[in-house]
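S.K.: Sequence:
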Amino acid sequence: MREHLLDREELSNFRDKLLERWRRKWGIVESKLVRKPSEDEMIGLGQDLYEKICDECVPIREVSEPFLTQGSYHILADSGKIGWHPTYKKKMQEARRTAKDDTDAALG
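The sequence shown: position 84 = 84 (the UniProt record's numbering), numbered continuously.
Please keep in mind that the hints were generated in silico from the structure rather than gathered at the bench. Heads up, a few of these hints could be off.
[Said to hold, decoys possible] Cut-off 30 Å, straight-line C-alpha distance, at most; resulting in silico cross-link-like pairs (DSBU-like, lysine-lysine):
id, residue 1, residue 2
1, Lys90, Lys36
2, Lys32, Lys81
3, Lys17, Lys91
4, Lys32, Lys17
5, Lys17, Lys100
6, Lys36, Lys89
7, Lys81, Lys91
8, Lys100, Lys52
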């Protein structure tokens, strides 16, 4: 039997906890964007957010290892659900567009 595997509901609840924690911290980043920050300042805000998130340990069942939380945040970031840079959505769209253009050019 697969007694120790997580079910979909547990994974969904864990993901929702991570997203809620990220949203709260993201709100703080957004509040600092009232004035137009420089790119260096935005990078600094993203790094601060990343460091705060990495300091957290969100338990799932009895497991509360930092690597689990950190890796799960990376999965969410890779999927585009969250980001670190204040304009991460725009940057991801640009990266996808560039990758598509490069692929189209390579295929001729």
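S.K.: Could you run down the list of hints and mark each one as holding or not?
M.R.: Hints versus structure:
This hinted pair checks out: lysine 90 and lysine 36 have alpha carbons roughly 16 Å apart, not beyond 30 Å. Under the criterion of a C-alpha separation no larger than 30 Å, the hint pairing lysine 32 with lysine 81 is consistent with the structure, at around 21 Å. Under the criterion of a C-alpha separation no larger than 30 Å, the hint pairing lysine 17 with lysine 91 is consistent with the structure, at around 25 Å. Distance check on the hinted pair: lysine 32 and lysine 17 sit about 24 Å apart at the alpha-carbon level, within 30 Å; holds.
As the CA atoms of lysine 17 and lysine 100 are separated by approximately 33 Å, the hinted pair breaks the 30 Å bound. Distance check on the hinted pair: lysine 36 and lysine 89 sit about 17 Å apart at the alpha-carbon level, within 30 Å; holds. Taking the CA atoms of lysine 81 and lysine 91, the gap is about 13 Å. The hint holds against a cut of 30 Å. Simply put, lysine 100 and lysine 52 have alpha-carbon atoms about 33 Å apart, too far for the 30 Å limit, and the pair is violated.
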